[in-house]
Amino acid sequence: MHSSTLVSATSQTVPAAPPRRRSVWAFFRRDPAAAAAALYLVVIVLVALAAPLVTPYAYDKQDLDATLRGPHRGHLLGTDNLGRDVLSRVAFGARISLSVAVIAVGAEIVVGTLWGTLAGLVGGRVDAWMMRVVDLLIAFPSLLLAILITGIFGPSLINIIVALVATAWPGMTRVVRSEVVALREREFVEAARAAGASTRRIVGRHLLPNVLHLVAARSTLDVSAIILIEAALSFVGVGVQPPRPSWGLMINEAFPYLRSQPYLLAFPAAVLSLVVISLNVFGEALADALDPYRRRR
Amino acid sequence: MARYALYRIGLTLPLLIGAALLIFVAGRMAPGDPVAIRLGDHYDEAAARAIRRELGLDQPIWLQFVRYVAGAARGDFGESFISPGRRISGIVRQTLPLSLRLTALAVACAAVVGLTLGVVGSAAARSRLDRVLQVLVVVALSVPNFVVAALLVLVFALWIRALPVAGLSTWQSHVLPVVVLAVAPTAYITRISRTSMLQVMAEDYIRTARSKGLPRPRVVFRHVLKNAALPIVTTIGLAFGYTLTGSFIVEIVFNIPGMARVGVEGILQRDYTVIQAVVLIYTSLFILVNLIVDLSYAFFNPRIRY
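Listed in order, the protein sequences are those of chains S and U. Residues in the first sequence are numbered from 1 upward in steps of one, following this note's numbering. Residues in the second sequence are numbered from 1001 upward in steps of one, following this note's numbering.
Just so you know, not all the hints are guaranteed correct.
[Claimed, not checked] According to the in silico footprint, chain S covers these stretches of chain U (three or more CB under 8 Å from chain S):
#	region
1	1022-1030
2	1151-1165
3	1244-1253
4	1277-1289
[To be verified] To give a feel for the contact side, a few chain S residues facing chain U, derived at Cβ under 10 Å:
#	residue
5	Val133
6	Leu137
7	Leu144
8	Ile149
9	Gly154
10	Val236
11	Ser273
12	Leu274
13	Ser278
Calculated from the structure, these hints are not laboratory results. C-beta: ideal position from N, C-alpha, C; glycine also.
One chain only, chain U, in its complex shape (with noise of 0.2 Å):
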């Protein structure tokens, strides 16, 4: 186990790195001098020369890039492009915490919901409900976020006006958002956990359990849910990837000031640096979380080492 995991993490790392390079060179072929946008008007020769020394830039590139990696280890992300003096680091601090909740919220739901109805799903599998199940399944697969999002708030705050339209405040401005969240992650799970399920009740060892007279709840939920976890676990991962992006979305619609939304915000005023810090930030948290289920795969099942 101790190996594996070495191992795993070994691997991480590079990609992480990878991950960074990537979007080092981005903002680096950007187009737009930061130099030029701090001195405005002001611009001469001495003053660039001093700027460009005070942020580093005349150094360089590979060691420029050290020490962004460096930095962003820490937690430190740099200035704002657009409005110099403002720290990256900050603005993470304000608003990665909101962010993370509603996806952590999100993701739990989509993983309660979408395993109850992957198991009611393989229980009664090519019945009537199984059927609608699955129709539901691709259709929540298929709407984008915006339009289920928009629907919603159509229905509950415009016109039964059930729920706050717009930000975060009380219990009942989370619903709106975490819903949208996880509607597509639980149709991914429900779909994952049916098929697994249904794999483990072809196996042999399942119809031993039945038949030496065991009652059938104990075996869809001690031998067959127990022996399907493992692409269940996988897709819960998979399904943080999908709620982390899905909130680039929802945090724009509902004007939530999470961090996707100074992203998307970053982007439109084309401030590089925040763009980067953002999918930086975001990339580094699917890759770990990644990590993170297959160590936990390898935790569950005995059989995987390398």
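The following block holds chain S by itself, in its conformation from the complex (with noise of 0.2 Å):
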């Protein structure tokens, strides 16, 4: 329920169902915001993904001849402490952030799917017992569960994807069981199950992609949490480790020349804060137009 109202509160714009082909670009024509943040995404993936193609120095590169110097020719973004190029720092720092991200999202979708529709699907005491599972973990405050295990085995990055996982998995849980259970009572369900479907075909062909929306929207909105999470970690000091960057510990790095260097905050922070209002922005649409109570409305 709380999920239905947080997306409702925001977005005025409800796309209504149009025929396929057209539906993306009617979605985009309704709702501007949302474009512009798709936009925006698609160039900082694009950056990511060609990162050692368009930087024009090496992320670790150091040159300490030329420490802290602000924007200019050859370094347009300035150099921090070490004298490393920001501009390259941010595009690898995009690099890590986001496939870290993408990562634990994928991970988090395939175990909060597999899980939810099981319990769904079982019911009864077992469904009683991995439910528990979700409960015991949703009762940690997400940051602090990451730190808890970042902070015990160690910042490498798949305890640091580890740790994201165990974030978000038992909230997507909640959301898919929940769909499976309602959904198993329908009419439709029950004339497949009459009509002598396997439970295989049944959860293939009926349950999954009913909730396929969810999933899709949860999923977006939790590359949002996820790369937050993953900042404040790196923030802290038991996210990404240096000399490799990431958008939370270069904001860290950057506060103790706050007053003479505002620049080597401004850039990361700038990236990161638009990339996660992107993501908040376009996956509120997202949940709006792929909803298909809302759509009838």
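Make the complex out of the two chains shown on their own, each in a separate frame, by following the hints.
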């Protein structure tokens, strides 16, 4: 109930259901903010993919004769305290932050959907126990759970991803399970069962396709939540480790030079904030557009 | 009411014990042997056995867990892993009140400001003001709190020099940390209260109240707000969780000697017992606040009975 009120709160523009092909175009025309957000995200993703090609320097290339220089020709966004090129670090930071987030969300989708579908399908005592595990993980504030994992097992990239998945999958599981439980009792599923369809077919043809829109909307919003947690972990020092660049880490490294070199803060902070804003704007527009009930109104 | 309260408390206990179990197991799986760290270069088998007995590490694992939970329930979290002899309970007593004070101030500010903005937004729904508020809400929920902190420090402490950069000695030094902590929860409360108010405004009994001639402010405050209160109360509880985790960032940025900073220092020094204690205390607080919220929910809404 919460997620639906959250969604309806911000978006007045509700795309109607247009015919297939043109729907993407119509979606963006009705919601220019979502279109701008999507465009920005595409650019950032391209930069992340092409980071080694578009950046003038390696992210860890130090030039100790040219430290803390403001933006100028040669270093368009300036250099940091070790003389590393800020532009290159922001671009490689995109690569690291985004790939960690995408892998974590991918894993979240798999684990959350499997766990939720299984619990909802089996029901009874198994369902109850499976959901107790979910309740337990949700009881932790998410940043704390992530800090517990990377703080104790060490901040390797794998552990960071595990920590991020641990914070995200229980929420996804709740969404999927409650939908599966509701769908299981619907007439078309009953009809399929009466017609002799196997459980596998019911899950594959009737249940999963009908929870997909929830999974898509939820996971888009989770990308932004996960990017925020990764940035916070890196900022605190239990996330991505130097000399690897992550936006959160770069912002942490910019703090001592806040007064004299504010550009060190400005670029990673702006890129990171805009990514999260864009993901939230796009995610909410997507949730509206994909919700079959909302569409009919 | 009493039956529901008992039922709800009964749900909370296993959650607390489960959280403690998870934290306990994570600590036991951590790399490094506390006994080896204590002995350092003087390591030999006999001494190690003696310390193991002293720490209770020779007992079966389930008994160790029971003792851990029993200790934690009394506020005893053992000793620091890195500097043996330093009781964690002492550290907690020194630092927790400070963190709680900041958190409480931030949640209070967020509740007052968020509720006000939510009521204003819903009363002026779809107006320009409302749209601006909506955009601000998305921005406030998206911009990481350490970026907010950096911007505010830059403007108010370094450029205008109106507020101190760090510490927590005067009331002025409370302003920036509380504001940074409150930004995201305020936005969240604004959003939920606006939505909740709008939902109630669409109800028939509100139209009835208006059409029988009651003035608009009276309807908004007496009828709408009262019926829209439940989701808002829940959100204020959730805001507490936001603020608790936010304090990890804020206490570092503003150099505040609170418990979250102890936790972060524990992480950087790999002091597992300190990490465990901090996570356990904050998670328990979060669970308890949610319990209180749920109980108040039932108190406000007589329809909720199990």
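Each hint, compared with the structure:
Given a C-beta distance limit of less than 8 Å, the hint that chain S covers the region 1022-1030 of chain U holds, as 6 residues qualify and 3 suffice. Here the region 1151-1165 of chain U counts 4 residues with a CB under 8 Å from a CB of chain S, which clears the bar of 3, and the coverage holds. Here the region 1244-1253 of chain U counts 6 residues with a CB under 8 Å from a CB of chain S, which clears the bar of 3, and the coverage holds. Coverage of a stretch by a chain is defined here by at least three residues with a beta carbon nearer than 8 Å to that chain's beta carbons; for the region 1277-1289 of chain U and chain S the count is 5, and the condition holds.
A cut of 10 Å between beta carbons decides the hint on Val133 of chain S: the least distance to chain U is about 9 Å, and the hint holds. Taking 10 Å as the C-beta cut-off, the interface hint given for Leu137 of chain S holds, the closest approach to chain U being about 8 Å. The restraint placing Leu144 of chain S at the interface with chain U holds, with a minimum CB-CB distance near 5 Å, inside the 10 Å limit. Satisfaction of the interface hint for Ile149 of chain S is found here, the shortest Cβ-Cβ separation to chain U being roughly 7 Å, below the 10 Å cut-off.
The beta carbon of Gly154 of chain S is positioned within 10 Å of a beta carbon in chain U (closest approach about 7 Å), and the interface hint is therefore held. The beta carbon of Val236 of chain S comes within 6 Å of a beta carbon in chain U, closer than 10 Å, and the hint placing it at the interface holds. Interface hint status for Ser273 of chain S: upheld, as the beta-carbon distance to the closest one in chain U is roughly 5 Å, under 10 Å. At about 9 Å, the closest approach between the beta carbon of Leu274 of chain S and any beta carbon in chain U falls short of 10 Å, and the interface hint on this residue holds.
The interface hint given for Ser278 of chain S holds, since its Cβ lies 9 Å from the closest Cβ of chain U, which is under the 10 Å cut-off.
Going through the hint list in order, the structure satisfies each hint without exception.
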